[in-house]
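A.B. asks: All chains, full assembly: derive it from the sequences and hints.
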Amino acid sequence: MDEVAVIRRAQAGDERAARELFEIHQLRTYRLALGLLGDPADAEEVAQDALTYALLNIYRYNPELSSFSTWLHTITVSRARDKRRRKILPSVPLAQWLGVGNQIRDHAPGPEADALRREAERGLLLALNQLSPKLREAIVLRFYADCTYKEMGEIMGCSLNTARSRLRLAIQKLRANLGDETVRWPVAETIR
Amino acid sequence: MAGRGDDSLGDKHYDADILLAYALDQLPPDQAAQVGAHVATCPACKAIVSEAQHLTWQIDRALHESLDSAQPSPNLRFEPISHAWHQPPRRVTYPYRLKRLTSGFVILPLLVLLALAITLLVSFEDSFARHNLQLTRHYSGPPALVAVALDGSIAIVRLHGAQTGIVREIRHAGNPHNLSFSPNGRWLAFRRGGTLHLVETRAEGLHVKLDLRESAAWAWSPDGAALAYTDGRGQLLRFDLASQTQTLLVPAVDGAWGAPVWSPDGTQIAYAVPHGIWRVDPATGYSVELARNPTPDSALLAPAAWLDPDTLLLAWDARNGEQTSRAALYHVDISARQAVSIDAELLARGGAIAWPIGADGHALAVRGDRLVALDLVSDAARPVPEQLRYPLAAEWAPGGQWLATVLSEKRDGTGLILYAPDEARIVPVPLPEGAIEKSVTWAGPEHLFVLRQPEDGDTLELWLVSIAGKHKPQRILANVPAPDTSSAGRQWHDAIATLAVNS
Numbered sequence: 007m008d009e010v011a012v013i014r015r016a017q018a019g020d021e022r023a024a025r026e027l028f029e030i031h032q033l034r035t036y037r038l039a040l041g042l043l044g045d046p047a048d049a050e051e052v053a054q055d056a057l058t059y060a061l062l063n064i065y066r067y068n069p070e071l072s073s074f075s076t077w078l079h080t081i082t083v084s085r086a087r088d089k090r091r092r093k094i095l096p097s098v099p100l101a102q103w104l105g106v107g108n109q110i111r112d113h114a115p116g117p118e119a120d121a122l123r124r125e126a127e128r129g130l131l132l133a134l135n136q137l138s139p140k141l142r143e144a145i146v147l148r149f150y151a152d153c154t155y156k157e158m159g160e161i162m163g164c165s166l167n168t169a170r171s172r173l174r175l176a177i178q179k180l181r182a183n184l185g186d187e188t189v190r191w192p193v194a195e196t197i198r
Numbered sequence: 008m009a010g011r012g013d014d015s016l017g018d019k020h021y022d023a024d025i026l027l028a029y030a031l032d033q034l035p036p037d038q039a040a041q042v043g044a045h046v047a048t049c050p051a052c053k054a055i056v057s058e059a060q061h062l063t064w065q066i067d068r069a070l071h072e073s074l075d076s077a078q079p080s081p082n083l084r085f086e087p088i089s090h091a092w093h094q095p096p097r098r099v100t101y102p103y104r105l106k107r108l109t110s111g112f113v114i115l116p117l118l119v120l121l122a123l124a125i126t127l128l129v130s131f132e133d134s135f136a137r138h139n140l141q142l143t144r145h146y147s148g149p150p151a152l153v154a155v156a157l158d159g160s161i162a163i164v165r166l167h168g169a170q171t172g173i174v175r176e177i178r179h180a181g182n183p184h185n186l187s188f189s190p191n192g193r194w195l196a197f198r199r200g201g202t203l204h205l206v207e208t209r210a211e212g213l214h215v216k217l218d219l220r221e222s223a224a225w226a227w228s229p230d231g232a233a234l235a236y237t238d239g240r241g242q243l244l245r246f247d248l249a250s251q252t253q254t255l256l257v258p259a260v261d262g263a264w265g266a267p268v269w270s271p272d273g274t275q276i277a278y279a280v281p282h283g284i285w286r287v288d289p290a291t292g293y294s295v296e297l298a299r300n301p302t303p304d305s306a307l308l309a310p311a312a313w314l315d316p317d318t319l320l321l322a323w324d325a326r327n328g329e330q331t332s333r334a335a336l337y338h339v340d341i342s343a344r345q346a347v348s349i350d351a352e353l354l355a356r357g358g359a360i361a362w363p364i365g366a367d368g369h370a371l372a373v374r375g376d377r378l379v380a381l382d383l384v385s386d387a388a389r390p391v392p393e394q395l396r397y398p399l400a401a402e403w404a405p406g407g408q409w410l411a412t413v414l415s416e417k418r419d420g421t422g423l424i425l426y427a428p429d430e431a432r433i434v435p436v437p438l439p440e441g442a443i444e445k446s447v448t449w450a451g452p453e454h455l456f457v458l459r460q461p462e463d464g465d466t467l468e469l470w471l472v473s474i475a476g477k478h479k480p481q482r483i484l485a486n487v488p489a490p491d492t493s494s495a496g497r498q499w500h501d502a503i504a505t506l507a508v509n510s
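Line by line, the protein sequences give chains A and B. So the first sequence is numbered by our numbering: it starts at 7 and just counts up by one. So the second sequence is numbered by our numbering: it starts at 8 and just counts up by one.
It is possible that part of the hints are untrue.
[What the hints assert, rightly or not] With beta-carbon atoms standing in for the labels, derived distance ranges:
{"id": "1", "chain 1": "A", "residue 1": "Arg22", "chain 2": "B", "residue 2": "Ala343", "range": "32 to 40 Å"}
{"id": "2", "chain 1": "B", "residue 1": "Arg220", "chain 2": "A", "residue 2": "Ser138", "range": "38 to 46 Å"}
{"id": "3", "chain 1": "A", "residue 1": "Ser73", "chain 2": "B", "residue 2": "His93", "range": "40 to 48 Å"}
{"id": "4", "chain 1": "A", "residue 1": "Arg92", "chain 2": "B", "residue 2": "Thr274", "range": "44 to 52 Å"}
No lab work stands behind these hints: they were computed from the structure. C-beta atoms are modelled at their ideal positions from N, C-alpha and C, and glycine is treated no differently.
C.D. replies: See the structure below:
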C-alpha cells in the first residue's frame, strides 16, 4: 500500500483514508506506549489520544520534515509524558504485567534454555523499569521502535548527540542495575 | 585517530558513545569503516563493542518478546475519531471556550467574574454603537442585505420594504476586514486578524471560524455553496458550507497565494503560485498549469477574472501593481497555456485591482495616457471622456451597459456619474449636498448603493439611488462608524458590504 497516497487522501478530508491509517498504526502505537509506560490501561489511553490528535490534525503533518511514523511517535511520546505527569506510575508495572498472564512467546529449543532466557529477560525488564522516563524513552525508541539516533532526537525533542548520550547512559544504568545478571546469560545466545 | 581516552599502555581508543554507535550500526559509512578497522586490531575496544552488542541484542529481544504479543482491548477504536472528523475546525461556542479556558483553575469564580465584567463592558459599547445606528423605516428599493461594522461588532441588516431591520448582530468582531456576502446571500465572510469568520445571515445561525494568516485571501463559489481560500501558508483549500468540511486542494509546498478565482460554472479554481497560474478541479484535486510568469524576475501573475470556463481567463501582474499602481493585464490562453499581454493596464490600489472587472468582461483600464472602456470578450476598446479621468471608485452594472463611478472629493453631491460606453453617454446623478461620495455598488440593474461621508468625517451613510428616476435618492443607514482608511490595508469594504437578493 502506498502510505503517502493514503496520507494525502486523509489530508484532503477522506475519512476512509484516516481509518486506514488508524488500522495501520494502532497496534504499533499501543505497543510503543506500553513500552514507555508499562501499564496496559494507560498505554491504551495514550494510544487513543495520540492517534486521535494525529488524525484530526493530519493537515499539520508535513512529509518533507519527517516520516509519518516519526511524527506519530513524537505525539505518542509527548502524550505518554503528559500521562506520566498526571499520574505517578508504579515502579515495576511492565514486569508485573508480564507476571500476570501475558506470556512471552516461546522460540527456544529446550525448556532449560527457555527458563534461563526468560529469567534474564525478566531481570532486564525490571532493570528497565528503574530507569528515568527519558532514559527509558531512549531504550524503547531505539530497540522497540527501531529509530535512528536522528529520529530519536526528533521524537524526544533533543539533538542527535543528546539522544546518543541518553542511550549510552541508559545502557550503562541497565548494566549497573543488572549487576552480575549479564554473566549468567546463556553463552549460546552470544551474538556472532 | 579520532577518539579520546588512554588505556594503561598509552594507546588511543574510541570513546563509549562512538563504540556504542558502531555496535548499533549508527555511524556514517566512512566513520564506521575507520572504527571497524581499529576495533579489529584493538582487543580493548573489541571487548567493549562485543559487550555492547550482546547487551543491546538482549534488550532488543526482551522488548520485542514482551511487546510484540501485547494486544489492546476493543476500547482502542476509530469511532471517536470518526465522530470528530466531521466537526468543523474551531467551531466552538463562547461558553465552550470559556469552559476550556477556565477548566483546572483554582481561581475559577474570579475568572468567571472577570469574563462577565469584560463581556458586560464590551456589550455596552456594542449596544451603544448599535443604538446610534440610524436605519430607515420606509425602504423602497430592491430586497438587499447590508453588513455594517460597528464599534466592535457587525450588524447584518435586511432591507425589504416594511420588514427592514437588523436580523443578526455578531459581537466581539473587533476590526473586521473585507466584509463580503456569499452570492446567494446565506453567508457573510470577514477576516479578523488571523481568523476567517463565516456567519449565516439569519438569527441564531452558524458561526464558523477558520485559522488563517493575515495574508490569506478567499473567493466565494458562484453558487455560494463553498469558499476557496489560500491560507497564507501556501495551501489552497475549499470549505463546503453545507457539510462544514474543508478539503485541501493544493499543499503548502506549491505556495498558493492571493485570492483564487472560480470559473463561472464553479468547476475550476484558478490560483497563483510563485512562478505562474494554475487551475484545480475542486471535485478531484487535479491541478494543471495555465501560464508561467512572462518575465520571471519582474512579473507575478495573479488571476483577475474568469469569464468563460474554456477560453477566457484574465490575469494581472500583482508585483507590477504593488510597485507602480498601474498593473499589466494579460489574457490567459487556456488551451495554449500561456499568458498573452493586453494593450492596457489596470489601476491597482493596496495590492488589489481598484476598478473591478465586470462579470460580462467589461473593464476600465489605462492605455497610454488615456482611460479606456474595454470589452475583453470582443476586444473592443472605447476612449472614456476626459470628464471621467481616474474615478475614485467604479463598478459595472450587470450586463455592462452602465459604469457607475465616483469622481471627486466634493461635498456638493456631484460625485456620482453614470457612463454608458456604447452610447458614449455621461449621466450625472445629483445627490443632496453635505457629504462626499466614497464608493458605489449596484443593487440589481436599476439601483445603486452609494457610500457617503458627511462633514463630521467620523461616520458614513448608505444611500439608495434609482437610475430610472423612480424615486428620489434615499438615505438608508446613517451613523455607521467610518474606518480609518489611512491605516494600512483598510478599505471601505471593511466598514460595509451590500448585496441585492431575490427576496
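A.B. asks: For the pair arginine 220 of chain B and serine 138 of chain A, does the Cβ-Cβ distance stay inside 38 to 46 Å?
C.D. replies: 40 Å Cβ-Cβ, so the 38 to 46 Å window holds.
A.B. asks: Just to be sure I understand the hint, the distance between the Cβ atoms of serine 73 of chain A and histidine 93 of chain B should be within 40 to 48 Å; is that true here?
C.D. replies: 28 Å Cβ-Cβ, so the 40 to 48 Å window is violated.
A.B. asks: Please test the hint of 44 to 52 Å on the beta carbon pair from arginine 92 of chain A and threonine 274 of chain B.
C.D. replies: holds, 51 Å
A.B. asks: 32 to 40 Å was suggested as the range; check whether the CB atoms of arginine 22 of chain A and alanine 343 of chain B agree with it.
C.D. replies: holds, 39 Å
Of the numbered hints stated above, the single one contradicted by the structure is hint 3.
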